[in-house]
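Colleague: Protein chains in written order, with the numbering used here: chain F, 75 to 410; chain V, 264 to 552; chain Z, 8 to 327.
If you are wondering where the hints come from, they were derived from the structure by calculation, not from laboratory data.
Cut-off 20 Å, straight-line C-alpha distance, at most; resulting in silico cross-link-like pairs (EDC-like, lysine to aspartate or glutamate):
| hint | chain 1 | residue 1 | chain 2 | residue 2 |
| --- | --- | --- | --- | --- |
| 1 | V | 371 | F | 303 |
| 2 | V | 293 | V | 333 |
| 3 | F | 317 | V | 391 |
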Amino acid sequence: MVLAKYIGRKVAWTFVVLVVALLLNFLLPRFIPGNPVDAIVGQIAAGGGTGGEQLQQIHEHFMTEFGLDKPLWQQFLIYIGNLLHGDFGTSFGQYPASVSHLIGQALPWSLAIQVPAIIVGWVVGNILGALAAFKGGWFDRGAFVGSLFLSSVPPFALAIILLFLVAVQMGVLPVGGAYSFGMTPEFSMTFFGDAITYFWLPFWSLVLVFIGGQAVGMRSMAVYELGSDYVNYNRGLGVRDSKTVRYIFRNAMLPQFTGLGLSIAALITGGLIIELVFSYPGLGTLLFNAIGQNDYPVIQAITLIITLAVLIANFTVDILTGFIDPRIRAAQSGER
Amino acid sequence: MGTLVDARNIRGVYYSGGTDVVAVDDVSVKIEEGEVLGLAGESGSGKTTLGSIVALIARPPLHVEQGSLEIDGKVQELGGDAQVPRTWRGAVVSMLPQGAMNSISPTKRIRHLVYDVMRSHDRKVSKDEALDRARQRITTLGLPARVLDAYPHQLSGGMKQRTVTIISTLLNPRLLVADEPTSALDVTSQKILIEMLLEMLEKKIISGVIFITHDLPVLRTVATNIAVMYQGRVVERGPTEMMVDNPQHPYTQALMSSVLAPEPKYRKTRIEGMSSFDRSLFDAPAVIH
Amino acid sequence: MSLRGLPPRFWVAAALVAFILLVAVVGPFVVQTDPNATVGGLYDRPRCCGALLIGTDNEGQSVIANLVYGTRTSLIVGLVAGLIATVIGLLVGLVGGYRGGWIDDVLTAITNVGLAIPAIVVIILVSVSLPKRNIYTLALVIGLTAWFWVARAVRAQSSSVRTREHIDVARLSGAGFWSILLRDVLPYLLSYVVMAFVLQVSGAILFESTLSMLGLGPANAVSLGTMLYWAIAWGSVRTGAWWAFVPPTLMLTLIVFSLLLLQSSLNEVFNPRLRRGRATRKKAVAKGKEDEEPIDVGEPEPVGAVGMLETPTSSGREHR
Chain F
75 MVLAKYIGRK
85 VAWTFVVLVV
95 ALLLNFLLPR
105 FIPGNPVDAI
115 VGQIAAGGGT
125 GGEQLQQIHE
135 HFMTEFGLDK
145 PLWQQFLIYI
155 GNLLHGDFGT
165 SFGQYPASVS
175 HLIGQALPWS
185 LAIQVPAIIV
195 GWVVGNILGA
205 LAAFKGGWFD
215 RGAFVGSLFL
225 SSVPPFALAI
235 ILLFLVAVQM
245 GVLPVGGAYS
255 FGMTPEFSMT
265 FFGDAITYFW
275 LPFWSLVLVF
285 IGGQAVGMRS
295 MAVYELGSDY
305 VNYNRGLGVR
315 DSKTVRYIFR
325 NAMLPQFTGL
335 GLSIAALITG
345 GLIIELVFSY
355 PGLGTLLFNA
365 IGQNDYPVIQ
375 AITLIITLAV
385 LIANFTVDIL
395 TGFIDPRIRA
405 AQSGER
Chain V
264 MGTLVDARNI
274 RGVYYSGGTD
284 VVAVDDVSVK
294 IEEGEVLGLA
304 GESGSGKTTL
314 GSIVALIARP
324 PLHVEQGSLE
334 IDGKVQELGG
344 DAQVPRTWRG
354 AVVSMLPQGA
364 MNSISPTKRI
374 RHLVYDVMRS
384 HDRKVSKDEA
394 LDRARQRITT
404 LGLPARVLDA
414 YPHQLSGGMK
424 QRTVTIISTL
434 LNPRLLVADE
444 PTSALDVTSQ
454 KILIEMLLEM
464 LEKKIISGVI
474 FITHDLPVLR
484 TVATNIAVMY
494 QGRVVERGPT
504 EMMVDNPQHP
514 YTQALMSSVL
524 APEPKYRKTR
534 IEGMSSFDRS
544 LFDAPAVIH
Chain Z
8 MSLRGLPPRF
18 WVAAALVAFI
28 LLVAVVGPFV
38 VQTDPNATVG
48 GLYDRPRCCG
58 ALLIGTDNEG
68 QSVIANLVYG
78 TRTSLIVGLV
88 AGLIATVIGL
98 LVGLVGGYRG
108 GWIDDVLTAI
118 TNVGLAIPAI
128 VVIILVSVSL
138 PKRNIYTLAL
148 VIGLTAWFWV
158 ARAVRAQSSS
168 VRTREHIDVA
178 RLSGAGFWSI
188 LLRDVLPYLL
198 SYVVMAFVLQ
208 VSGAILFEST
218 LSMLGLGPAN
228 AVSLGTMLYW
238 AIAWGSVRTG
248 AWWAFVPPTL
258 MLTLIVFSLL
268 LLQSSLNEVF
278 NPRLRRGRAT
288 RKKAVAKGKE
298 DEEPIDVGEP
308 EPVGAVGMLE
318 TPTSSGREHR
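Start from the sequences, fold in the hints, and give me the full structure.
Modeller: Have a look at this one:
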């Protein structure tokens, strides 16, 4: 029952935040002075290659799509309605490509790097930190200093360094892109084998920084737990070390979960920049190009996706923590 | 009634940074079957340190330089590099720590700890057996069985302390070392806890108790004998009544006189307090009754 | 807090920060070249000495000049944004935590929503919509989106200070609301505020470089992030023109690293408890989101868990 209430609260809260985020996503770009459609059409015209009649069509298309002639609240409802249909609008820069199409192409690449990186980074980082705390000695010293350094390096910095050293100087791994020139994406072993070489550097750049951060955090938590009363009491009762270690690990992991929720935004952002460095055709590069072309629909869609990802991640983390730590769901529902 | 525990020549030192602090200075203590030995003294007297050494849980920066413990004819060396067998803890000597609040991991239910304790001493015990035994013990001693399914934060302070007391004695240890068990409790809970301890003694769940406290009035109600410690030594030891009414050692006298007991005969007595005594007197040789 | 008691880590961090400040403040005078002046061709190799010390970038401009001016820009953005974020967060946290009541509820709700929405998203959306992008508007935007966690943490601290006795004394003696806040509550939080500020500066510098790399950087000034933007856009990495991207990367890493080191050493100085590993567990964990500064380790003392459990080793645990 306590758990149900807790989950209910989390759902309600996430919904509220989602609404605010949608409002922001919708309103902020509309603060551009002047009529955005005119500006965009002007740009397309300046780019050359489109005649007067075509421009007229484009202009009309966007006017109806945005509904700029209608009051603001109606525009918002149109926006929400479109979103629910999966319609993110039409791209400015790559007219008439639909935004969902562009995103559909780029998203899998981003996910391929970020999801494994987050999972591997979290698991390996925590294990490393726990080991360092338990073993002590030189292992601890080395791991700690190394992790501290890795966690302080901005992800893109590591990406650039790795790119330079491994790809350019040593030539071991490819310099950019997601797959070799001439290949087309498909579900085949050859393609996969090729794409994987392009995958390593971006993946490792993201993972190493995350491992560093997790290891440092986990180590301090484990050290902290080791000094706890219950560890001492367990020992006093003759409980085997292996059992006590399980208690310690479980308690030390808790703040790591919440920490994960907080770092998700930074991780995603870092991942996007890393894509830029490696010319990886994910959302990062798409965003980069869109900004260059003032392609507002694409930019809006990407920011919305980022927000959704962060909200979902935080929600999941909160629910998991509620499962693991009984005090949290008790505290949240005012049991004590 | 024979001797239950014979602790001999215990010397415990804290190694910290530059200075070494001798917390327990060549202390020998005997406890009889069925006895509750009250260990009293001010903060820093070494009573908790002695308790943790006897309970076999001393750890760095505390080092036991020398000492031995004899229980049921078995002698265990405590000093230097002596390895204390893990199974002695909890089963031969057990510890009831101060502040039971944090003694149980907050993310596990009580029954998990119970099972782990039992399993660590007997690999063959099944979960059901362990929980049954625990349930029996709990209800016999007056607590509701639902305690097993609770998380620590769901229990009140007094209940937690009693639950921890039961867990500490699950394996029927010969000696229970209780470190300030009543300090964090209200008076009613104190009484209930003390009654539980005495009941355990009576039912032979435990055979002896070292009751460490700075709370002298409590000792009067629970201890058969009292040993007073000062700066790492036992300065006086004897039956409770004698220690309270007729202390011989200057330090004990100072200690007892600083207690305010709401009884008629104390109406006319002044509370002198420790400071009115000359501290150099406290170094007088120990008096053992 | 004597100077000698400060851990070695602090001095290393302080030295690094001092070096960076030196580069930013004095650098432009030492390197007499104008960063926008063309001094060479496309990606000329480094040559001793002077303007071509680290070669040229994609527009033939001196890299070392850009580096020095870029450091200055990045630092300015970081400091201004950090200041804005810290001040706003401090005010909101102080007022909400101390005042309580509906003011607190409203402020907390705003703070929580702000925390839940990723700042980078808001920053991108706002920057894209801005007609003009210069250092100060960027700093403003970054600062306005970063104050939330400071507010949350300050609020927690100030609401616990509220119950202390010296506050009652101040109130009884007729001190006004703001007077109490500034003179009785704030001093307790000062150490925390300093650490928060350092973290904010480092975070703001990272934000700025992220924005610049995406192409949303300041239009009129060179920053370390914009240097990287051009380096990537012109493929300097692929052609191996390391002098175009390695210096700004190293400089950025150095700045972030030294600021984080400074913060963690300050943490150790202000909270000696963290060094020993045994302290009362704060209920912060039970509140869900852990947004206080990451629990720092203190000295990298080799701690053996094995020692904690069975065999004796050296450990820092205090024994009663």
